[in-house]
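Q: Residue-level listing of the chains:
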Amino acid sequence: MKTGNEFTAVKMMNGNEAVARGAFEAGVKVAAGFPGTPSTEVMDYTQHKYPEIYCEWSTNEKVGLEVAIGASFAGYRSLAIMKTVGLHVAADALGGAAGSQINGGLVLVVGDDVGRIAGDDYNDVRHYGNMFNIPVLEPSDSQEAKDLMVKAFEISEEYSTPVILKITSVICKTTSKVEYDEDYTYQVKCREIYPVSFSKVIMTTIMTKAKGSEHPKLTKCFNDFTANMKRLAQNSNDFDMNRLELNDKKIGVITAGTPYYYVKEVLPEASVLKLGLVMPLPEKMIKELAEHVDELYVIEDGHDLLEKNIKDLGVSVIGKELFPKFPDMMRFTPDVIEEKLVPNAPKRTPIEGVPFRLPVSCAGCSHLFISQILRKHKIKAAADVTCGLIGCFPHMESYSLQKCMGSSIALAHGYNIAKDHKENFVAMIGDGGFWATGINGLMNLIFNDSKSTVIIVDNSCLAMTGGQNVASSEFGFNYKPENKLDIATVCEAIGVKDIVTVDAYEFDDLEKSILNAVSAETNSVVIVKKPCVTKFKLPKETPSYIDQDKCVKCRKCIDVGCLAIESKKAEDGSVEIVINQDICTGCRLCSTACKFEAIKS
Amino acid sequence: MQDTGKNIIIAGVGGQGILLFSNLLSKFYMKLGYELKISDVIGLGQRGGGVESHFRYSDKPVLSPFIKAGDVDYVISFEQTETLRHLHGLKEDGVVFSSTYELTSTSVNTRLQKDLPESKTEMIKRSENETFIVDPEVHKSPDFNINKMMNVVMLGYYAEFRGYSHEEMIQIVRESVPEKFVEGNIIAYKKGTEIANAELASR
Ligand code: SF4
Ligand code: SF4
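Keeping their order, the protein sequence lines are chains A and B. Residue numbering for the first sequence follows my numbering, starting at 3 and increasing by one per position. Residue numbering for the second sequence follows my numbering, starting at 982 and increasing by one per position.
Chain B extracted, bound-state conformation (with noise of 0.2 Å):
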């Protein structure tokens, strides 16, 4: 069935790439001639604040901004407490793609608020939605730090889950990142690719 179009909430703290995330993913659905909006809502404080961009392309012209709670068809976190943050807004059919990366909330270093008691990356797993977790410490290593490029490898990873051409999405990533980092980038687009594959392959 054609694709109509989606809601794509993208979450995660500051510094961690969220808009050249959505920048990438923008010009892959420019080209195939969807409609856009991308609404990025940041918060106060120059580092480790949460991010999120609500991203929609449509067939149709797109309204709103903001992604209604409940209209949210896919949830692509880079940091595990940032997901839970935003699970309540899927649809029954939504998906969950999360990092269990975890940047402690300042409240909780500072023992002003309490630590949810539960494992995060359980309570991601047991929610109702279908779920896909990378965990960056498995696929870490001495030549690569995932943590860094965990953006561009959630871009592989979505990629490869939506059976988009990889070809079309590392020409556009080519084009837009500075010449010296189009290299590593590349490297973690088919990190994001190979993980996503492995684990589609199991279910």
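The shape of chain A in the complex, shown without the other chains (with noise of 0.2 Å):
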């Protein structure tokens, strides 16, 4: 593979941005998926770089990756987008794609976490690799991205497969050099060459029982599936995008992703094979690095992947035993590397103490609004996958539950029928969470006659990605006013019988409007407006101060979770309570928290 063979122009890129240069080259015709970090901005640049193509963010990722499966059927390129949590959602539609004929290309681009300050979900796309027995492909650098990203759709049309492209944090977030074909015409192709397309159940239904027949009804459902990946595993060992770099016979190692990087840096010496394909393997290329160094080390970030189907090939190889896995670490740095390989390595620690940042909501947040009430109230409640879900972390304590993207709904119900509904376990949701899944929550959740309450967040946009455009939003790839979906006209229509609308900085109408709900005999939706602050520039109102010969410093404010309130050491070594001056949006809720009436603006 030579794309960047003939390039004319050099530029800076991140990973994102070049997995979307690598769309454009590919020709993709269809792009969609749902946000989510690190991955979220490669639709952005697929969307702004490149109008030709086709770009959408669905409900959720599982309608995202039928869309593109539908459009790969039709005969043209396709690319779903979103995360690996997301691909959990979406993995019933891969499971359905796996092993089927496939007509126009159809690539996943999955980010997982790995290389974030704080927090990792841990999760490890390749899993899917090898359960549903797909390839996966993970770059190194932003070159590669661009460059395995065509190579994806090379790979998905010659052995009719879905391909994963693997990219992590580091890969997103990392900027480097491009080589490309600034010339390039965009060029679009329709491959329609089976007629049909099946799940594995229906085709292994008719390859298995009727073997060997050659009526042209029957046969047009076969998809020797196995046998292509088998292929695709012997050819691999010829793929330039695996590389055998042969020097030093002490040690080898296999590795992929961006710690190829850092074993090039920490172990120059060493002899590598470094794979841009990590699923399936090239077994030959293995055997011979290990036939050549004494030892072997296997350095991959995430799970013991690499690792395990290399043991698999018969190869023994040192990993995790050496380097251990989450959460004794949580990534790979050169550093780890050095400690372990290089004899007399220096060591640095930083130094102890330094606090550690816990996540905070923007000032002026709604959802701080709906945490101090649920808090004030003592009212037991579920958060979601939504900004409001930092009111779970330890300095606001406002929820108790929190789970998966669109779970809360599901969660309350659950909660409160076990509970034979004595308390009223109640329900937080983002509008995009309730467009991803809850909505099905809540419709269970009338079906089944339970009396919960819902307090759907409209910001107005999917805010934690950055504010990207939902059902209910005004705005989008595709938007017209006329098909913009009602958050409370479709509650009314599924059929919630209570139903409130409020404007979040009126606290004193949301504080009333919650109670009602969780009051009610009935099931409630509450539905809390205020565009996200960040995403819509609110205006700002006069900052609040802090009136220090009123402030007791009984810190009820700060419990309230905005960045902008802050505890200051003042030169004497006592203590202030102050409110940042630059942060503060002026929305006042600080000062429903106090007392004293010591917060004024």
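Calculated directly from the structure, the hints in this document are not laboratory data. Since the structure is predicted, the reported quantities are computational estimates derived from the model, not experimental observations. Ideal placement from N, C-alpha and C gives every residue a C-beta, glycine not left out. Treat the hints with care, as some may be off.
Said to hold, decoys possible - Here chain B is said to cover these stretches of chain A; the calculated rule only asks that three of the stretch's residues, wherever they fall, bring their Cβ under 8 Å from a Cβ of chain B:
no., segment
1, 172-178
2, 336-347
3, 357-365
4, 565-572
Can you join these two chains into the complex? Each is in its own frame, and there are hints to help.
A: This is the structure we're talking about:
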């Protein structure tokens, strides 16, 4: 593969932008998906830079992947974008596509969390490669992110299989140079070679029972996916993206992704097998390296999947016994490799006791108003995956249950029926989570006669990932005012008995609405409206300040969880509670928490 | 001696314009013909989380996107708690540029964690590395909110320290920031060069 062969331009790109460029060069016609850090920007770049490509944020990842599968069957190269936790939602669709006939190439770009400062959901998309027997590619830098994207589509068509391009936070957020052909003209091809494409259940039923038959009605359903994958594994020994760098005979390393570069930096003499295709594995290359060196290591971020697959080939390799996995290690760094494999490497230890930064909501966020009211009235509640989940962290303690995207409504319903509705355990959900899968929870709650209360936070976008459009937004790729879905109307149509809509900043109203809903005898929904402060850059009011003569330092205002309220040590060592004037938006929430009227504006 | 390249950690909290800083600096080094890798590491949460950018330029291809502890030439930090988080990574002859601005960590605000007992500024000054401290309070004026422009002030400061062409840098600022912010950014840049100039002269 030599897509970078005839480059005319060099540009600094991060991994997300490079993937989008690759999609353009591959002639992708349709891109669909759901936002999720770190890979959200792949869609943003695709849409902004390459308007030729049809883009949509779908209601959730499963829908997005299904859209891409449909477009692929129509004969056009199609792309699905999501993060790994999103692929869990879409896994059923992927299982359906795996092993089936592929017309236009079908590629999933999936982001793993590896490489963030704080927190990692510790998923690894490569499990889907093993489970569904489909290829997984992993780039080491932006140039490869672009090039492998093109290659992924070729593999998808040549071997009739969906292909996963795994990217990590490190790839997505690292900027490095990309060489490309500036004058490249976008080309879309239609490749309709299979008249049908069925899930494995249909296909294998026909293939195994009608083996040997030549009747075209039967053979058109055949797709020998296991043979395809064997052929791919065989051919992968000759792929440029898999590279054997034979050097020193002492240490050999099998690696992929950004860890390849950590290895090159720390162990410049080592022999290295750098994999671009991480599944299936090039057996011949692995065995050649194993023969060449005394000690063979595998250095991979995420789970021990390369390690297991290599061991399955009968090759012994040192991996997690030397480099313990999560939670002992969040991710590989050059430091980790040096510590273990370079004798007498100097050790550097960070200064102890530097305070940790818990995540905080933006000043003026509507979620803070809801968290405050729930806490004030000791209302037990479930949070969803939304900016509001910051209310779960120990500095706020507004929620006692939180799991996955779209779950809170069903979680609350389950809790309430188990407790015979003696308590009203409330569900809080964002508009993104509501449309993603929460709406199913709400329908379920209605027809199963639950009395639960749901707070839906309508901030007009999917705020947590940077403000992408959802079904009820007034903007978006394919937005038309007449197609906007209205949350209240949908709730009503589903059969919710008691629906009220309030402005988040009207504290008294909001408080009353939530209390009324909680005590209602029926199911109820409170829709809390306020556009996301950050996405929509809401105009600031006069900032609040604390009158130090009145402040008793009870810290009740700090519990609100606003980023602008700080405890500061004064020169004389005494502590003051102050409001950061550059950050405060003047939303006045904190003054509802202060019993001493110390907060003024 | 020819500069073969440096490893720089740029640190601060969300909203301080770290990405703009590294973007402007990368354009400068690109023009000089260097190879670059810039890796941004972000926390969870929309605002106020720690942000760090690993910025590497070299006359040879850059390998690891992360700088190994012990290989850092410069720490440029807009928030002093974050400065402390990165001091241990410096080379012996590494240099620190730090603002004394501080955004108290949530864990300290809520007393989930104790703050460091000593003055952070003093801890930074006491480090074995050469340190340059910028106190925004000293340079604040009614018509110039330095806290909002610390990134570009530090860019001017750093460029002055390195002896770079201010003309070139200002040209890059002009080309990169939206029209209506150009003037403000140039004022901030020049402020940074002035502060650095006075400091360097006094040493
Ligand atoms: S709630 Fe009021 S009295 Fe208590 S710390 Fe805050 S400003 Fe001071
Ligand atoms: S008014 Fe209070 S709660 Fe609102 S942004 Fe300012 S400090 Fe935060």
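Q: Now look at each hint and say whether the structure bears it out.
A: These are the hints, each one checked on the structure:
Remark: the segment 172-178 of chain A is confirmed as covered by chain B, as 5 of its residues place a Cβ nearer than 8 Å to a Cβ of that chain, reaching the required three. Residue count for the segment 336-347 of chain A with a Cβ under 8 Å from a Cβ of chain B: 3. That meets the three needed, and the coverage hint holds. A count of 9 residues in the segment 357-365 of chain A with a Cβ less than 8 Å from any Cβ of chain B is obtained; the coverage claim is therefore met, three being the minimum. Residue count for the segment 565-572 of chain A with a Cβ under 8 Å from a Cβ of chain B: 6. That meets the three needed, and the coverage hint holds.
In summary, this structure violates none of the numbered hints.
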